[in-house]
Amino acid sequence: MDVIGMTNLQEAKLAREAEICYATVAMVTDYDCWHEEHDAVQVTDIIRVLTQNAANACRVVAEAVAGMPASRTCKCGTALQHALITDKSRVPEATRKKLDAIVGKYFA
Numbered sequence: 579m580d581v582i583g584m585t586n587l588q589e590a591k592l593a594r595e596a597e598i599c600y601a602t603v604a605m606v607t608d609y610d611c612w613h614e615e616h617d618a619v620q621v622t623d624i625i626r627v628l629t630q631n632a633a634n635a636c637r638v639v640a641e642a643v644a645g646m647p648a649s650r651t652c653k654c655g656t657a658l659q660h661a662l663i664t665d666k667s668r669v670p671e672a673t674r675k676k677l678d679a680i681v682g683k684y685f686a
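One rule links them: number in the working numbering = place in the sequence shown (from 1) + 578.
Please keep in mind that the hints were generated in silico from the structure rather than gathered at the bench. The structure displayed is predicted, hence computed values, not measured ones. Errors might be hidden in some of the hints.
Stated by the list, open to error - DSSO-like, lysine-lysine: derived pairs with alpha carbons at most 30 Å apart:
1. K666 to K591
2. K676 to K666
3. K683 to K591
4. K666 to K653
5. K653 to K675
6. K591 to K675
7. K683 to K653
8. K653 to K676
9. K591 to K676
10. K591 to K653
11. K666 to K683
Stated by the list, open to error - Label pairs and their in silico Cβ distance ranges:
12. A596 to S649: 13 to 21 Å
13. P647 to E614: 39 to 47 Å
14. K591 to E614: 40 to 48 Å
15. T607 to A686: 42 to 50 Å
16. T629 to Q588: 19 to 27 Å
17. Y684 to L628: 38 to 46 Å
18. D623 to I680: 38 to 46 Å
19. Y600 to Q620: 29 to 37 Å
20. Q620 to A593: 30 to 38 Å
21. Q620 to A686: 55 to 63 Å
22. S667 to T629: 52 to 60 Å
23. N634 to I680: 12 to 20 Å
Glycine included, every Cβ here is placed at the ideal spot set by N, Cα and C.
When you get a sec, could you build the whole thing from the sequences and use the hints?
Here is the structure:
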């Protein structure tokens, strides 16, 4: 399948840089852009499906959060461990403070 979305890649890259686990939830709204036998859709049809998808997405997220483990064992939480190559002594204190929430553990 193909996912049509302008923010998906950027979100995944930013999540990785922040060591956040990330998954895309992609839901179909219509088929008219690729399915030759499908009639053109009306805006009202798309809004109806979007509303249903929003409710479905809420359920998916709630179930995913409920099923999350107490601690992470994936590599997401240490994605930057070897990415910082600047000598730590050369990083200004002001920069360290700005980046503390994301990479502070690597300056400890």
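Hints, verified against the model:
For the proposed pair K666 and K591, the alpha carbon gap of about 24 Å is at most 30 Å, so the pair holds. Between K676 and K666, the direct Cα distance comes to roughly 14 Å. Compliance with the 30 Å bound is thereby established for this hinted pair. About 20 Å separates the Cα atoms of K683 and K591, which keeps this hinted pair within 30 Å; it holds. Our distance criterion of 30 Å between C-alpha atoms is met by K666 and K653, whose separation comes to about 23 Å.
For a cut-off of 30 Å, the pair hint linking K653 to K675 stands: about 24 Å separates their Cα positions. As the CA atoms of K591 and K675 are separated by approximately 22 Å, the hinted pair is consistent with the 30 Å bound. Straight-line distance between C-alpha atoms of K683 and K653 comes to about 15 Å, which keeps the hinted pair within the 30 Å bound. Of the pairs offered as hints, the one joining K653 and K676 holds, with about 24 Å between alpha carbons and a cut-off of 30 Å not exceeded.
Under the criterion of a C-alpha separation no larger than 30 Å, the hint pairing K591 with K676 is consistent with the structure, at around 20 Å. Between K591 and K653 the alpha-carbon distance is near 15 Å, which keeps this suggested pair within the 30 Å criterion. About 12 Å separates the Cα atoms of K666 and K683, which keeps this hinted pair within 30 Å; it holds. Roughly 18 Å separates the CB atoms of A596 and S649, a value that falls within the hinted 13 to 21 Å.
P647 and E614 have their C-beta atoms about 44 Å apart, which keeps the hinted 39 to 47 Å range intact. For K591 paired with E614, a C-beta distance near 34 Å fails the hint of 40 to 48 Å. Between T607 and A686 the CB atoms are about 46 Å apart, so this pair conforms to the stated range of 42 to 50 Å. Between T629 and Q588 the CB atoms are about 26 Å apart, so this pair conforms to the stated range of 19 to 27 Å.
At about 41 Å, the beta-carbon gap between Y684 and L628 stays in the expected band of 38 to 46 Å. As the Cβ distance of D623 to I680 is approximately 42 Å, the hint placing it in 38 to 46 Å holds. A hinted range of 29 to 37 Å for the beta carbons of Y600 and Q620 is consistent with their spacing of about 34 Å. For Q620 paired with A593, a C-beta distance near 35 Å keeps the hint of 30 to 38 Å intact.
Against the hinted window of 55 to 63 Å, the Cβ-Cβ separation of Q620 and A686 comes to about 57 Å, which satisfies the hint. A beta carbon spacing of about 55 Å between S667 and T629 agrees with the range 52 to 60 Å that was offered as a hint. In this structure the hint that N634 and I680 lie 12 to 20 Å apart at CB is violated, the actual value being about 32 Å.
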